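As given, the protein sequences belong to chains A and B, one line each in that order. Quick note: the first sequence uses full-length UniProt numbering, first residue 59, plus one each step. Quick note: the second sequence uses full-length UniProt numbering, first residue 59, plus one each step.
I should point out that these hints are in silico values taken from the structure, not numbers from a laboratory. The model shown is predicted, which means the values in this text are computed figures rather than measured ones. Check each hint, because a few of them may be wrong.
[Claimed, not checked] With a Cα cut of at most 27 Å, we get these calculated DSS-like pairs of lysine-lysine:
no.	chain 1	residue 1	chain 2	residue 2
1	A	K310	A	K257
2	B	K230	A	K185
3	A	K221	B	K230
4	B	K230	A	K220
5	B	K220	A	K220
6	A	K257	A	K185
7	B	K197	B	K221
8	A	K185	B	K197
9	A	K205	A	K165
10	A	K230	B	K221
11	A	K221	B	K220
12	B	K221	A	K220
13	B	K221	A	K221
14	B	K185	A	K221
15	B	K201	B	K221
16	A	K201	A	K127
[As the list claims (entries may be wrong)] Between beta-carbon pairs, the in silico distance windows are:
no.	chain 1	residue 1	chain 2	residue 2	range
17	A	L311	B	Q76	47 to 53 Å
18	B	G151	A	G184	54 to 60 Å
19	A	N226	B	D296	35 to 41 Å
20	B	Q76	A	E254	52 to 58 Å
21	A	T90	B	G75	35 to 41 Å
22	B	P121	A	P282	50 to 56 Å
23	B	E138	A	S72	51 to 57 Å
24	B	S301	A	K221	49 to 55 Å
25	A	K297	B	K185	46 to 52 Å
For glycine and all other residues, C-beta sits at the position ideal for the given N, C-alpha and C.
2 protein chains.
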Amino acid sequence: PVKPTDPEPWTSPSRAGQIMRFGWPGFDNLRTYEDFVLSYDRRTKTAHWVIEHLTPDRMTYDPSVDRSKCAFRPDESIHEYFRSTNEDYFRSGYDRGHLAPAGNHRKTQNAIDQTFYLTNMSPQVGKGFNRDKWNDLEKHVRKLARKNINVYICTGPLYIPKKEADNNLYVKYKVIGPRQVAVPTHFFKVALVEYEKDKYSLDSYLLPNAVIPDETPISQFLVPLDEIERAAGFLIFDKVPKSQIKIINGKKLGFW
Amino acid sequence: PVKPTDPEPWTSPSRAGQIMRFGWPGFDNLRTYEDFVLSYDRRTKTAHWVIEHLTPDRMTYDPSVDRSKCAFRPDESIHEYFRSTNEDYFRSGYDRGHLAPAGNHRKTQNAIDQTFYLTNMSPQVGKGFNRDKWNDLEKHVRKLARKNINVYICTGPLYIPKKEADNNLYVKYKVIGPRQVAVPTHFFKVALVEYEKDKYSLDSYLLPNAVIPDETPISQFLVPLDEIERAAGFLIFDKVPKSQIKIINGKKLGFW
Ligand SMILES: [Mg+2]
Ligand SMILES: [Mg+2]
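Construct the entire structure; sequences and hints are all you get.
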């Protein structure tokens with residue numbers, strides 16, 4: 059029952075509204091799950107992007123929520139032509155890598171369960187990436203989330219061209235399984251941190267989907283945001299007022 | 059002025075409604091031009107698909123419409139990060155190949171002009187493809203349009219995987235110019251022909267973006283529609299009642 063001091067229910071933002079506070083990168087095949095929002099790419103059979111909203115309160119551990127009860131499963135709401143399945147990943151040599159990490163969504167069993175939809179997975183190199191450096195980056199984000207007012211995260215796969223011997227640029231990626239799920243060449247993660255009311259820092263990471271030496275610091279993967287946006291084909295957090303972004307990739311913006 | 063015998067204007071379908079009569083393959087970055095509808099892929103910097111509606115009446119030649127007055131030009135309504143430009147094609151070795159052909163849109167100068175937006179172009183092999191076999195297919199479609207009640211055409215680029223020496227499948231395509239416009243490996247064209255009221259034939263063509271010998275008949279490029287749909291990541295003309303499709307790729311459907 060709504061308590062008298064609560065705002066009118068229709069004036070309080072929906073969870074999706076909170077998560078998407080700083081803009082929609084696109085509107086292609088949206089899935090609004092309980093605690094994250096995802097846009098699915100039916101051509102590559104993995105997401106375009108996933109957006110999450112983290113706060114200190116949401117990072118608290120609920121002992122009744124049990125990750126070991128979760129199971130990787132297809133999202134049946136995607137047409138069968140375009141739906142990735144466990145069979146696609148089986149014996150592929152790649153992990154089913156979470157885009158929205160399970161560890162960020164421990165408020166309810168349903169929220170963590172939904173991170174196991176295959177819509178939220180991309181083929182990731184296991185040892186040396188998903189289980190190591192990429193996991194380090196996810197832990198770094200949770201650390202930020204425990205110490206700041208609001209953290210917004212946009213994560214996704216990329217397909218970045220490479221120069222070949224003929225001096226031309228080529229995009230090349232493997233596809234796995236009967237549905238031909240794309241193995242991204244890279245992954246990005248952009249963290250928008252509200253560290254004081256209406257003051258933001260923005261970190262944008264671009265990592266190759268490859269074994270990365272343990273000793274490499276994650277700061278080595280910081281790149282200008284527009285490098286990610288141009289490759290991805292969408293804008294990320296473009297509704298944050300530019301004047302409220304005070305720190306970019308660890309550098310304070312000065313006066314000019 | 060509306061003549062008394064005209065239907066109420068709001069009951070007559072819009073041109074876009076006519077063109078899109080049999081369903082929208084997707085809703086990503088739509089551009090509704092005067093005589094065709096297009097969905098733009100900001101990642102590849104070329105379209106997902108283009109849909110046209112052709113009739114005998116629309117195929118008549120208007121001598122005041124002049125193709126030589128048309129100019130290839132960027133669509134400024136696309137964000138500059140994702141907008142392909144003439145510079146991207148310059149000295150690339152590829153033609154700016156029309157998806158909706160200029161020759162299908164000769165009713166008004168504006169309609170033909172709009173086919174020259176770079177949103178409607180893909181990098182195509184010139185000699186042996188754009189200027190030859192692909193052009194033959196376009197002429198074949200216009201012949202159909204002159205002889206049938208309604209012809210609906212969906213055209214677009216594809217990026218089809220190929221098996222390499224390691225026995226894995228890889229998608230590989232070149233990108234050209236500063237905006238890294240994708241050079242598709244293939245193009246598709248699907249023709250839905252209403253040859254009698256509520257009776258349809260469906261032809262789906264898949265051609266490699268490569269020099270094709272003149273003697274190859276276009277019928278050799280007919281493939282099952284779902285092969286195109288699975289690779290493209292969308293459904294094509296999925297709102298046609300299945301029972302009204304009487305001929306598929308030239309084969310009459312029998313009783314069963
Ligand atoms: Mg992981
Ligand atoms: Mg052409």
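Going down the list of hints, with the structure as the test:
| no. | hint | result |
| --- | --- | --- |
| 1 | A:K310 - A:K257 | holds, 12 Å |
| 2 | B:K230 - A:K185 | holds, 26 Å |
| 3 | A:K221 - B:K230 | holds, 12 Å |
| 4 | B:K230 - A:K220 | holds, 11 Å |
| 5 | B:K220 - A:K220 | holds, 18 Å |
| 6 | A:K257 - A:K185 | violated, 37 Å |
| 7 | B:K197 - B:K221 | violated, 33 Å |
| 8 | A:K185 - B:K197 | violated, 54 Å |
| 9 | A:K205 - A:K165 | holds, 18 Å |
| 10 | A:K230 - B:K221 | holds, 12 Å |
| 11 | A:K221 - B:K220 | holds, 19 Å |
| 12 | B:K221 - A:K220 | holds, 19 Å |
| 13 | B:K221 - A:K221 | holds, 21 Å |
| 14 | B:K185 - A:K221 | holds, 26 Å |
| 15 | B:K201 - B:K221 | violated, 37 Å |
| 16 | A:K201 - A:K127 | holds, 25 Å |
| 17 | A:L311 - B:Q76: 47 to 53 Å | holds, 52 Å |
| 18 | B:G151 - A:G184: 54 to 60 Å | violated, 40 Å |
| 19 | A:N226 - B:D296: 35 to 41 Å | holds, 37 Å |
| 20 | B:Q76 - A:E254: 52 to 58 Å | holds, 55 Å |
| 21 | A:T90 - B:G75: 35 to 41 Å | violated, 29 Å |
| 22 | B:P121 - A:P282: 50 to 56 Å | holds, 53 Å |
| 23 | B:E138 - A:S72: 51 to 57 Å | violated, 33 Å |
| 24 | B:S301 - A:K221: 49 to 55 Å | holds, 52 Å |
| 25 | A:K297 - B:K185: 46 to 52 Å | holds, 47 Å |
The structure fails hints 6, 7, 8, 15, 18, 21 and 23 (numbered hints given earlier, in ascending order).
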